[in-house]
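Protein chains in written order, with my numbering: chain U, 3 to 243; chain L, 1179 to 1396.
It is worth saying that the hints were derived from the structure and are not from the lab.
One should not assume that every hint holds.
FRET-style restraints, in silico, Cβ to Cβ [said to hold, decoys possible]: (1) Asp204/U x Ile1214/L: 31 to 39 Å; (2) Lys1299/L x Gly51/U: 28 to 36 Å; (3) Glu202/U x Pro1297/L: 30 to 38 Å; (4) Glu1193/L x Asp206/U: 33 to 41 Å.
To spell it out: a stretch of chain U is covered by chain L in this simulated footprint if at least three of its residues, at any positions, have a beta carbon under 8 Å from a beta carbon of chain L; those stretches are [claimed, not checked]: (5) 63 to 72; (6) 103 to 116.
Just so it is clear, CB atoms sit at the ideal spot from N, CA and C, and this is done for glycine as well.
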Amino acid sequence: MAGFDKVVASYAEAMAGLTDNMTVIAGGFGLCGIPENLISEIERKGTKGLTLVSNNCGVDDFGLGVLLPNRQIKKIIASYVGENAEFERQMMAGELEVELTPQGTLAEKMRAGGAGIPAFFTATGVGTPVADGKEVRSFNGRDYILEEAIVGDFAIIKAWKADRYGNLVFRKTARNFNPLAATAGKITVVEVEEIVEVGELDPDQIHTPGIYVNRVIQGSFEKRIEQRTTRPADPLIAKGA
Amino acid sequence: MALSREQIAQRVAQELKDGYYVNLGIGIPPLVANFIPDDIEVMLQSENGLLGMGQFPTEDEIDADLINAGKQTVTMAAGASIFDSAESFAMIRGGHVDLTVLGAFEVDVNGNIASYMIPGKLIKGMGGAMDLVAGADNIIVTMTHASKHGVSKLLSNCTLPLTGKGCIKKVLTDLAFIEIRDGKFHLLERAPGVSVEEIIKLTDGELVVSGEIAEMKL
């Protein structure tokens, strides 16, 4: 009896059932809080024709960008797709379909998808190309457009800690889209830095309850930094004052 | 003399008020953080999920899990909070952010803004900009007044795909501080040493100049 134990032993097991032409929602912002090993597993499996839903598409050799060279992505729904030369090439050549979506709308699409809300009205994008073909309705004298929710066949998530029941805690701004994506997957797979025993996580501090999570695996992470910006060390501290 | 990027940021910082929650976009806007007056408290919101953004980290403090919306490594100020992207945009779309500062390619007399796409050339996406301009009441756009070739960016009608419609009321360029009202630009202040004539020449949309126009104080 597995009960509520969500832990799986291998990345192959974690991504079992992913097949061509599925929709995959991925957590992460830039390269921060991305499920880097789950992405590598999709690359290894060679699954094709995927629709990816993610704020960004990684860089050329890291993150979701690794799915580009073998043309595994058919379509991407994202808010910002700079920083990636191969992406730009495929998009300009018409090999890759891109649906640019405002960041807040993207987050809300996931939240709504996970919460059983099929669509919502928002002021974001009114009068812009984003509104093309969408229903406009006026509330209290202001126009809003109708945006539809997103549900994924899979959601791939990176969290900091999980217990065996799939309760999740995220760390700092690596949280970003992850808790929303976690709710919106038919199968939600989470990779974490540490798996703890049930009862070790304070129930008051859990960000994502295990009910949303189907599989948990422990991984090791590169955590690449996209823009390494620093200030000089305080000279007094440096001197040990 | 046209304002430098730092001077634009310096002038924007004069619009900050004590207790403001502020979102700073990419480009010139982050520089505003360097000019927050000492006698007020301001909290910076970064739309990837951080309220209370601190300064850049030292080498020792760098944390890959702590970045801002420009994907730069940052630190947290005292009293910071962390949240997910939906919560972050609930703050923005719900009108809880007191001031938003962001860049643009073009702005027009009807308060339209184009800032995210140059068809055929630059197609990177809007990120959070569409949410920010739709959700905020108090927005300052920072940009150069004209292109390097002298083509005005303050137009009768934006030519590029819009980021938002009818949402911009204040523009601070390297030449002028301008308010948008009743389908016209209104000149509020000019950069030190820049003449009203120069500003008129480089403003494509209708510009109202009433009375003496004061120089900005930096």
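Hint check results:
no., hint, result
1, Asp204/U x Ile1214/L: 31 to 39 Å, "holds, 36 Å"
2, Lys1299/L x Gly51/U: 28 to 36 Å, "holds, 29 Å"
3, Glu202/U x Pro1297/L: 30 to 38 Å, "violated, 53 Å"
4, Glu1193/L x Asp206/U: 33 to 41 Å, "holds, 39 Å"
5, 63 to 72, "violated (count 0)"
6, 103 to 116, "holds (count 9)"
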